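Could you put together the complete structure from these sequences and hints?
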Amino acid sequence: MLFRVDPGSPVPLGDQIAASVRGAIADGTVRPGERLPAARALADSLGVNVHTVLRGYQRLREEGLIELRRGRGAVVTGDQSPGRARLLEGVQGLVSEARALGLSDEEVLSLVRSRLAGG
Amino acid sequence: MARSARRAMVVASPFLLAWAGVLGIFAALADRLPDRLATHFGSSGHADGFTGPGAFLSVVTALFLVPGAVVGWLAFRSRTALGARRALVAVGYGTPAQLGCVFGLLLLANADAGAAGSEPGELPLWQLAVSFAVGAAVGWVGWLLAGLDPASPSGDTDPGRGPRLPLAEGELASWTRTVGSPVLIGVGGATAVLGGALALAAGPPAGLPPAAIGAVTALLSGCRVTVDRRGLTVTARFVARPRLRVPLERIERATSREFRAMELGGWGYRSAAGRSGLVLRSGEALCLRLAATGKEFVVTVDDAATAAALLNTLAERGRTAAPEG
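If you read the sequences in order, they're chains A and B. Using my numbering, the first residue of the first sequence is number 33, and each one after it goes up by one. Using my numbering, the first residue of the second sequence is number 2, and each one after it goes up by one.
Everything labelled a hint here was simulated from the structure, so no lab data went into it. Quick caveat: nothing in here was measured; it's all calculated off a predicted structure. Please note: incorrect hints may appear among the correct ones.
[To be verified] Label-pair restraints from in silico Cβ distances:
1. B:266 x A:99: 36 to 44 Å
2. B:3 x A:125: 48 to 56 Å
3. A:128 x B:194: 53 to 61 Å
[What the hints assert, rightly or not] Here are some chain B residues the structure puts well away from chain A; computed CB gaps all over 12 Å:
4. 32
5. 85
6. 250
7. 293
8. 299
[Said to hold, decoys possible] Only some residues are given here: those of chain B computed to face chain A with a beta carbon under 8 Å:
9. 227
10. 229
11. 230
12. 304
Backbone N, C-alpha and C define an ideal beta-carbon position, used for all residues, glycine too.
Shown next, in the form of structure tokens:
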């Protein structure tokens, strides 16, 4: 899979790494059960701090896309992960668009809530 | 395919022609040849070994048609242009020509002896030298003919060609992918198990070497291929070493294509005339043309198109950053 990070972008590098993985899971480049490169190796490869990579991996773990196991590294989780990754990308798109329109967090949440209530 | 059929014909024809030539000479001299052909000559040039005509013709036929069929079939199956195998084609022309010459001279010597009524023929050493000269001349023709089938039809010495992956200035990128070899895992695992069984049955000295070889084969059967600012790196999947790296500045051009394991003669780390590579399976492969040497390096890996595009982009970035380097 392809990792891309742009130090010139306002998005934190760790989040950019997470976004690369998310995109790869969403489009099927990385399949469930596949192992991501070790954080140290990826950090050396990109020329970034290993903690930056770990922050990105941590983020993916919180999103339920990967499992972090000691000694086993980062492994993409089960069958749902591609759909989940696509959903998370949608959420990301929603948030960016709302921010660009100047909506407050509360307004965004209420929009989502009303849509959820409407079924 | 028309092209592979043409290549097969080009490499097989010297064998066919030499065979037909020897047969032609035999037919022309048939009534002058003795019953037993002198086919072996001592260092003095005098005959000391004899063969019947039937056996002689069988040997000649086998000697020309079997290798001819083999090289023809190999050329037919291979996708390599003859231009990349010029030396081999030249040898494939020179050898049958030289052999055919020797057989022709042999028949002439026998015919002379038969006509003169003297039993053993004579084959002076200078005639052998003539045959080698003819072989060299025909080999040179083979060399020229092979050159008509250029090694790289796209004439791609231009590093500007090849796919690209657009990157923002200063953007960092790293592509990585694992590739496993079912063949090597299978072979390595089976060897290790057999070695283990042998160690139990016949004692450790017999079983441990195959067990160790099998284990190493299985351990090295998976690779992680990485493309980044340092170039191309291939590491074994389960162990940190050995590691193989091609620095960016050595990469002239990267492409992706379909690759068959047999193109490099099998699985594993392979090397053959101007090409080397890590072949873990047939299928998509990343191909690098190396600067300075012009050699090709191949790694079989999925999604090689992305890897090739990134390598070209990064290599170009390196070249523009250091125009003279």
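Evaluation of the provided hints:
1. B:266 x A:99: 36 to 44 Å: holds, 41 Å
2. B:3 x A:125: 48 to 56 Å: At 52 Å between Cβs, range holds.
3. A:128 x B:194: 53 to 61 Å: Holds: the Cβ-Cβ distance is about 55 Å, inside 53 to 61 Å.
4. 32: holds, 77 Å
5. 85: holds, 32 Å
6. 250: holds, 17 Å
7. 293: The claim holds: residue 293 (chain B) sits with its nearest Cβ about 25 Å from chain A, beyond 12 Å.
8. 299: holds, 21 Å
9. 227: Interface hint status for residue 227 (chain B): holds (6 Å vs cutoff 8 Å).
10. 229: Holds, about 4 Å.
11. 230: holds, 6 Å
12. 304: Given a least distance of 7 Å, the restraint on residue 304 (chain B) holds.
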